[in-house]
Amino acid sequence: MMAEPMGFFTDTTVCIGCKACEVACKNWNQLPSREGGGGELSGFSYDNTVRLSGTTWRHVQFIEQFDEPYDAAGRWLLMSDVCKHCVQAGCLEVCPTGAIIRTEFDTVVIQSDVCNGCRDCIAACPFGVIDMNPVSGTAQKCTLCYDRMSVGLEPACSKACPTDSIQFGTISELRARADQRVAALHEQGRTEAYLYGADPNGHLGGLNAFFLLVDEPEVYGLPREPKLPSRNVASGSLLSTIGAAIMGLVGIVMLRHRRADEVAAEEGRGVAPPPPPASPPPPVH
Amino acid sequence: MGSNMAENHPVAFRWPMKAKMNGAKLIHVDPRFTRTSAACDLHVPLRSGSDIAFIGGLINFVVNSERWNTEPFFRDYVVNYTNAATIVRSDFQDTEDLEGVFSGLKPEPSAGIEQWPYNAFVGTYDTASWGYDRPGGVAREDIDADQRKAATMRSGEAEDATQPSQGAGDDARRSSVPPEGWDAMVRSLKPAPARRDPTLQDPRCVFQILKRHFSRYTPEMVESICGTPRDKFLEVAQSLLDNSGPDRTSAFAYAIAWTQHTYGVQIIGSAALLQLLLGNMGRPGGGIMALRGHAAIQGSTDVPTLYHSIHGYMAAPSALKEHDTLADYLRAEVTPTGYWANMPKFMVSYLKSMWGDAATAENDFGYDWHPKLLGDHSHMASFAAMVEGKIRGAFIVGQNPATSINAKLERDGLRKLEWLVVKDNWLTETATHWYAAPEVRDGSVKVEDIQTEIFFFPSTQIAEYEGSFTNTQRMLQWHFKASDPPGDCRTDTWFYYQLGRRLKRMYAGSTLARDQGFLNLVWDYEPDPQSGRVSHTMGEADELKVLREINGYYTGRPKEHLPGFAALKDDGSTTCASWIYCGCFPSWDRNLTAARTPDPPGTPGAHLGWGYAWPANRRVLYNRASADLQGRPWSERKRWVWWDGSRWTGYDVPDFAATKAPNAPANPNGIGLDALSGTDAYIMKGDGKGWLYVPSGLVDGPLPTHYEPVESPVRNALYPQQQTSPVYKHWRKGADDNRIAEVEDPRFPHVMTTFRLTEHYLSGAMSRWLPWLAELQPELFVEIGHDLAREKGIANLDRVVVSSPRGAVRAKALVTHRIGVMTIAGKRVHQVGMPWHWGWAGLVKGDIVNELTSLIGDPNVSMHEGKTFVCNVERA
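Top line first, the protein sequences correspond to chains W and S. Numbering-wise, the working numbering puts 189 at position 189 of the first sequence, and it's gapless, one number per residue. Numbering-wise, the working numbering puts 973 at position 688 of the second sequence, and it's gapless, one number per residue.
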């Protein structure tokens, strides 16, 4: 029996970058820290976990947008990123072992004991969410705390979020709440606010983890038009295998490109600012 | 201002974010653009340490604005609820008269007595001339009660006291309890009323004095001193004024960045002054919120670990003041008008909690057994003494002085101890300094030369014990134990309870007079076997018994708890450790600190059923001021507490005599609340008024004044003749281990401010050992602006050396636009900032930023100036 679809609404306008979500996630899911808790300063603002990975299932981005110190127009965008639990999930589509399943909550979960570590899903994900967990040797990502949800508890990250930037609930309720929030922000003059992934008729059938953003999707490292691997190749097993491989390569390259862009962005918008939004960002449906 | 609330109080920051969602405007005034700035509507930069100039500018803006001068609300509030109309003594002279100092300055250093010369004042004030003009005279010694308190308060001991009084001894069996009762003594202290001018025209009334005092604080002056662009300053000023009045209130939230200065108390005082002028005190959504630096540090000042006060903010008895007997102590400390007139009840009940049956009227309730101060025993004073070998042993529990202020000096102090006890979760820097400190590793100190015997006791963590937190709202919340501690870890309660028991056994049988207080000390926290409160840990005390003692009970009937502090008596018939907490546990089976009933959604939300906020479960202090002179709410929107025709009522517990009508006159012969009228909302003050001007209680001036930090790259633009506070504290002045940079020292041209990150806690002793936290901020860094980075050829992540006159540390550069260069008095000044969470122990290690800081401090409270000093930054 399918329960009502559940998910996250992440309102980036009230995120304070405290990383409680990252810590609560690692705590609940017993995920290892990098290098036993050591490591080096990344130099990317206050972000030292750098990206979503097989061991970091929630990741807070720190995007500094300043041309000068104390610039009135300057912003420090903070955004807690997570698996989008796509209604049409590329990872699920390509998984050869059936390890990736859609749950009764309409979320997407990788079953670690069935995963053979082939990495197809890593390439198939248009958001770069999935990665290998070196401890388990399998691909891993956010489960939307399937174990907690199964006993009626809310996921660890949203539970820990002090400002309710991460909200958990039924998709229908979250969408209603998110629409109200956008309307309220528009009323306050913050017309740049929009929802990413909230439209069930949009890309990938909508995202069960959707976001309220105030800048172009690319600024947050999100694709403007996320696509399924199957849409890009003709049907047929051979072609789709080749296609998946190509997509995988493209995905890796894209990841590297995005990383490079972020590095450039971090090293000073004054030097090479990304193009300013010419028009209000088109909502991603 | 003065707080990075989103980063350091993220859970409490939930509420500003809720307010923002409801349309509130959030403003962050801070040297750095932080995660708090990111969440606010407006970030306003200012140079670290220039807060009084900024707030002084706001005060000047407000009192000269048209709205403030024409809207009746402001005048009604200020004339009736503050001391604006009170007239000050004719011999008072302001900084405007004396180019930067107040009347009464004695510019010579004052160290204190020979046995404990650690008061460290660079100068002192005779504060008598700051008092109110009382033509009828004052009760005693030509100073009124407030003034007497000031002269004897905290660190400002009487200068002619060169020897500690002998006290105690066999004379302990004596009584100073007045046969006619304490009330008569309190009545005898009553001063004549102060003169007032409700038209606020008298040139010596408080309002005219403060208006003159702040007249120099123009937007141009603010820009010059603070580096704040004029338009941003004016936007703040206008927003604040627009958002104050009968229908609206504004609040300030501050934290350590207002306290860690040589004038920190005055910064907070300037905000209090501004909020009183704007009518933002005693009202919902108003006030000044002190965001405390640790989870329960409010509790640690209420039931204090502070040296200078005892439970409930009573002054600690001092050997240097006129505190020889209980009557002397009360005569010196009681304010005869206002609620503090009840102090004999608080004090006698406290002494009963200390010595139980042994405390009788015949022996002054054991007052002579109470320890007495010799001077400044604060952290920095104690380490200055330790360095000189004056302290034999120390307990370091939940603190990490090996990484604290002027860290090398503090470690030098630790090495002079005969014994050192460290109780913590991990082997902190303080536990390992004897073999791992930098000076030991580089060979300048040899392990074999360290004679200190060091003991380490592993400690429980929060979820492993039961107890109460008192949060920043003065709210006590009981918390329960989730699991037993591992191994030999013990609670602090266990440790001190067992230490006390063992010491009592060692002293048993002693006939020495000095030991009698210890032998008579009530020390009964053993769980009753039938109570169901016996811990799995052998020898654990019953934490609830401690809370019962703090709440208090009728003497001899410990099961009959006191319902509240109104029940306290001054004859020994009540026992209560901390009067302000009295009522939190009002009967044997009602622990209100464990109450968890929130108000339903959509109601005003005082949440009186959630926890217990002292005093008397009030959520907003001085809330009589939320109603107008007739006792009606100032507006429907800001309704909170009001007069219903026969008594005070409202959403909150009224902070006023319950049935005193708004038009009730003061009783000219009364003491306590009788001496106050129906509009005297500030009931803890002797005159019932909110103090715009502080006639007593502070040692560095009745009004806030901008001074430069002790270390500054610029001259004082406001008062060129007076660079710093004339009375700050400077320990080890002239010593090599505590050198201070001269003003404009070219070797140290930058302003350094220290800060904390969400990811770590204080010195890191609770976070650097946790992998999930350590990976989030793995290395020490210094935030520097792009301009400085270009000038010095420093790239992001380059290794740099940051130096001050005390030392140097290595760190990585984090080059950012969130901090940068400012123009101060026409001079380009770079600001840089460093988090100070690292040390040599733990999973992530780094240099100790406190190697750079110095033993200088605030004259009122001995807080250091770690928030602002000068430094240099170079590529490593």
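A few of these clues could be false.
What the hints assert, rightly or not - DSS-like cross-link-like pairs, simulated, lysine-lysine; straight-line CA separation at most 30 angstroms:
1. S:K701 / W:K159
2. S:K310 / W:K159
3. S:K701 / S:K630
4. S:K657 / W:K159
Unchecked claim - Computed beta-carbon distance windows for the label pairs:
5. S:R1000 / W:P134: 53 to 61 angstroms
6. S:G308 / W:E173: 20 to 28 angstroms
7. S:A748 / W:E173: 27 to 35 angstroms
8. S:R917 / W:E104: 21 to 29 angstroms
9. W:E173 / S:P889: 35 to 43 angstroms
10. W:G36 / S:L797: 50 to 58 angstroms
11. W:E173 / S:A949: 47 to 55 angstroms
12. S:P883 / W:A3: 25 to 33 angstroms
13. W:E173 / S:T590: 57 to 65 angstroms
Simulated from the structure, these hints should not be mistaken for lab results. Built from N, CA and C at the ideal position, the CB exists for glycine as well.
Consistency of the hints with the structure:
no., hint, in the structure
1, S:K701 / W:K159, "49 angstroms, violated"
2, S:K310 / W:K159, "27 angstroms, holds"
3, S:K701 / S:K630, "43 angstroms, violated"
4, S:K657 / W:K159, "49 angstroms, violated"
5, S:R1000 / W:P134: 53 to 61 angstroms, "58 angstroms, holds"
6, S:G308 / W:E173: 20 to 28 angstroms, "23 angstroms, holds"
7, S:A748 / W:E173: 27 to 35 angstroms, "33 angstroms, holds"
8, S:R917 / W:E104: 21 to 29 angstroms, "58 angstroms, violated"
9, W:E173 / S:P889: 35 to 43 angstroms, "27 angstroms, violated"
10, W:G36 / S:L797: 50 to 58 angstroms, "55 angstroms, holds"
11, W:E173 / S:A949: 47 to 55 angstroms, "54 angstroms, holds"
12, S:P883 / W:A3: 25 to 33 angstroms, "29 angstroms, holds"
13, W:E173 / S:T590: 57 to 65 angstroms, "48 angstroms, violated"
Hint violations for this structure: numbers 1, 3, 4, 8, 9, 13, all remaining hints satisfied.
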